[in-house]
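S.K.: Sequence:
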Amino acid sequence: MLLCVNVYAQAQEKDKIKIKKKPTEVDFLPHINGVYDGEIAVEKICFGDGIKNNLGYQVFSFQITYVKEGTTVTEYIRSNQIPDTVCAQLQFFNLNQRIFITAIKALDHSGRLITLEPFSLIPIKEDE
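Start counting the sequence shown at 1; every next residue gets the next number (UniProt numbering).
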């Protein structure tokens, strides 16, 4: 004699615990591909996600200062991306020279205009 038993169990959803982390000072800092200061491959500057911070604020403008043929140039950019024309300059004339990104304007999550901290980077050629 065979005894067959069907068991039906109902899984109960576990309580979800959401840990809300307090933002640290680093979360507010702007960066390009996670680099806040120092050397970065020029390809990452030009083809990455642009200027961001870890809180997801929307960067919409900034100034970039670099040296072009011995002259200091400051350009006002209305985007979070470094334009192709500036990228070409960085790739051909500014490798291993510090560039400065300042006057970074962004909107926080409530739509307020804020200015993020300036930062500087040194574009380098990435090893192949």
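Just so you know, these hints were derived from the structure itself, not from any lab. Glycine residues also receive a C-beta, built at the ideal position from the N, C-alpha and C atoms. Take these hints with a grain of salt, some might be off.
[Stated by the list, open to error] Derived Cβ-Cβ restraints for the label pairs, each shown as a range: (1) 100 <-> 60: 15 to 25 Å; (2) 70 <-> 114: 26 to 36 Å; (3) 112 <-> 67: 17 to 27 Å.
[Said to hold, decoys possible] With a Cα cut of at most 30 Å, we get these calculated DSS-like pairs of lysine-lysine: (4) 44 <-> 125; (5) 125 <-> 52; (6) 44 <-> 68.
S.K.: Could you run down the list of hints and mark each one as holding or not?
M.R.: Going through the hints against the structure:
no. : hint                   : verdict
1   : 100 <-> 60: 15 to 25 Å : holds (19 Å)
2   : 70 <-> 114: 26 to 36 Å : holds (35 Å)
3   : 112 <-> 67: 17 to 27 Å : violated (34 Å)
4   : 44 <-> 125             : holds (10 Å)
5   : 125 <-> 52             : holds (22 Å)
6   : 44 <-> 68              : holds (20 Å)
In the structure shown, a violation is registered for the earlier hint numbered 3 alone.
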